[in-house]
Amino acid sequence: MKEILMVTNCAEAKHLIHLDVGDDLRVEEELQLATHMQQCGDCRSYHADMSRSMNTLLTLRNAPAFDSLLATSVWPLLSRELARRHTSPRVARKFNMQVVALSVSALSLAVVTMVQSLSSMRNDQNPTGVVPGLTVSESSKIQQLETVDDNAGIVRAPFYPHEAIGSQPVSF
Amino acid sequence: MWTMSESDAEEQATDPEDSSENGGVPSESEVRLVHAARNGDNAAFGELVQRYERRVFKVIRRFIPDLEMATDLVQESFLRAFERIDQFDPSRRFGPWLFRLAVNLTYDHLRKIRRRGKWALFTDAGEDRAPDPAVVDPRKNLDLSQEVQVVLAEIPEAYRTVLILRDLEGFCTADVAAVTDRSEATIRWRLAEARKMFREAWERRERRAEKTRLVQDDI
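Just so you know, the protein sequences line up as chains A and B, in that order. Going by this note's numbering, the first sequence opens with residue 1, and the numbers climb by one from there. Going by this note's numbering, the second sequence opens with residue 173, and the numbers climb by one from there.
The hints are simulated quantities; they were obtained by calculation from the structure and are not laboratory data. Hints are not guaranteed to be accurate.
Taking lysine-lysine and the BS3-like style, the derived pairs with C-alpha atoms no more than 30 angstroms apart in a straight line are [unchecked claim]: (1) K14(A) with K284(B); (2) K368(B) with K284(B); (3) K14(A) with K368(B); (4) K230(B) with K368(B); (5) K230(B) with K284(B); (6) K383(B) with K368(B).
So here's chain B without its partners, still in its complex pose (with noise of 0.2 angstroms):
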């Protein structure tokens, strides 16, 4: 059972790093930061940058395995929070403002190359053909991560970015609702149902390997 707590998501607020992810308003010196960015100081903007870079990237990696891109992507993120920092309403957090154009922007990114792939004349993909018997699955390889991380994938991606915010990041419930623009109750409802899916997806997947494992020991 999982044992992460209130008191761990305490703790993971007291990170200098995400000192101002938790917690219901912005720290003082955050305030200053983002005051002094909107006035057009760099400097503020860079230690801005320092602050939730890591985050940021860890969060994009979630959805975006390739490296460069998931750094290109970081890069991205926060030119868009440099243009538009004039819209942010300083009153809040700047941290799930942050999270929410990253997280778009990687939707972006995500729906470009599925559209590039659609309407592409020739695809990479070979052609189907039956397993054969004397070739090693290479799924066998797969440990257990990478194995879930397919699993994953197959979740909606509404359902998967809640997922992936509230349980492999450990964002409280409020700030997935304002890093994807939904009402706490939404969230807390789509988590359910998330967890679900995933459950499902996974024992899908048991049942598929148990199938092959029987017709292997068969062959």
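This is chain A alone, in the form it adopts within the complex (with noise of 0.2 angstroms):
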């Protein structure tokens, strides 16, 4: 015979006690639960408690509201629906290549729209190419030093207006 393994604790009998109302315990698990059982009075009223609650429940099994049965049968109509799916002639669908054009061509021109309007507004906010916080003729020394010609082997001073003022392009 299969050794009966003990309930160890009252949580572990109760989630059996929760199977067992509904007739759902292994036979090993209702010997498991008598032997608790035997010891422990709350997991016995507990059992009551679960019993009356799945009595409840069980009201609605035979509930009238829920015993009506269909009217009539749902076949007459259904084949009637199938009959019509299968004569009636499948629409094929088509991949719709306009609508993907025409997607596209938008977003182009929201983006080249976008890019556009944010130079614009670049220029708009130093139309003179003065450096902010500098004066006309630190910022017009700052253009002469980027426009140093790169194939001469010089190399372009960094843009850091504060620190490029009066150096000098640096050689190689």
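Take the two lone chains, each set in its own frame, and fit them into one complex as the hints suggest.
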């Protein structure tokens, strides 16, 4: 005979009780629960409560509201529907490339417009090219430094306005 | 205490309407009908419909009390079954597969209703008002089964489904597992939790009712 495992705690026993009230325990589980309940009054009363609650739930099982049968079979209607589907030609679905092309063009247009408006906004903010915080002569000096010919091996000065003023381009 | 036993389940299995619902393998007649239906035999499919429609209707009505809507969903379930019968594995029983389609359709329908309620610009609900003590609480007219139905609706969907299929519709645990596409161990766990949830919700309702009674007695 199989050795009966003891249910160690009430939590475990309660889980088994939830199943027991619906006759959902395996034989060995039933034995485990019975052994535990012999020694535990709390679990015995919990079992009684659960049984009552289960009986309440089961009043719904044969409640007349749910016992009403289907008035008529759905098959006559269903067979007509199936016949209709069978005879009506299937509309072939075709991928519409025009929609995709239109969407892509609209998107590209939007991007171009956005980029243009951004650059025009930048120009609007600084139409003279004067670096904010510097005088006109300081700004033109920076512009001169930036336009030194790269081919002559002269590295462009980095654009750090305050450091750049007065310094010479570095040559190697 | 509930007295449904294995013998009751066997009794249900001998019911001609549910002959294919219980037991491990599909019955010979069912295999034949499914095979014919897969080959486009509408009459065979019709026989399957007539075999299962009442049971499907009863299960759907557990979720959707409206008769007309439940009937529509029964039709929709069979239509879907017909459309997808090629995907059905004929070595398995037709019943659980069909019930899965029906339960999923019912879920979809319930979700649609919930979504509609959530995003609707106007709702039918009136403003919240304190109950008028002079007016009799309409809930008093609910009979026990209606009250149980209200409490059952408080349980989360996944647990309620298990409770409905197992305890109210008498499906065996293996069939509930097949219908819900979960393992049997998960179903046993959910069943235990669902029964516990129902007990707690029922007790909460009883406490509320008691409190209301006391307040009304005071008035």
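Now the hints, each set against the structure:
1. K14(A) with K284(B): 37 angstroms, violated
2. K368(B) with K284(B): It holds: about 29 angstroms lies between the C-alpha atoms, which stays within 30 angstroms.
3. K14(A) with K368(B): 9 angstroms, holds
4. K230(B) with K368(B): Satisfied, since the Cα-Cα distance of roughly 24 angstroms is no more than 30 angstroms.
5. K230(B) with K284(B): Answer holds: K230(B) to K284(B) is near 21 angstroms, not above 30 angstroms.
6. K383(B) with K368(B): Holds: K383(B) and K368(B) sit about 23 angstroms apart, inside 30 angstroms.
Of the numbered hints given earlier, the model fails hint 1 alone.
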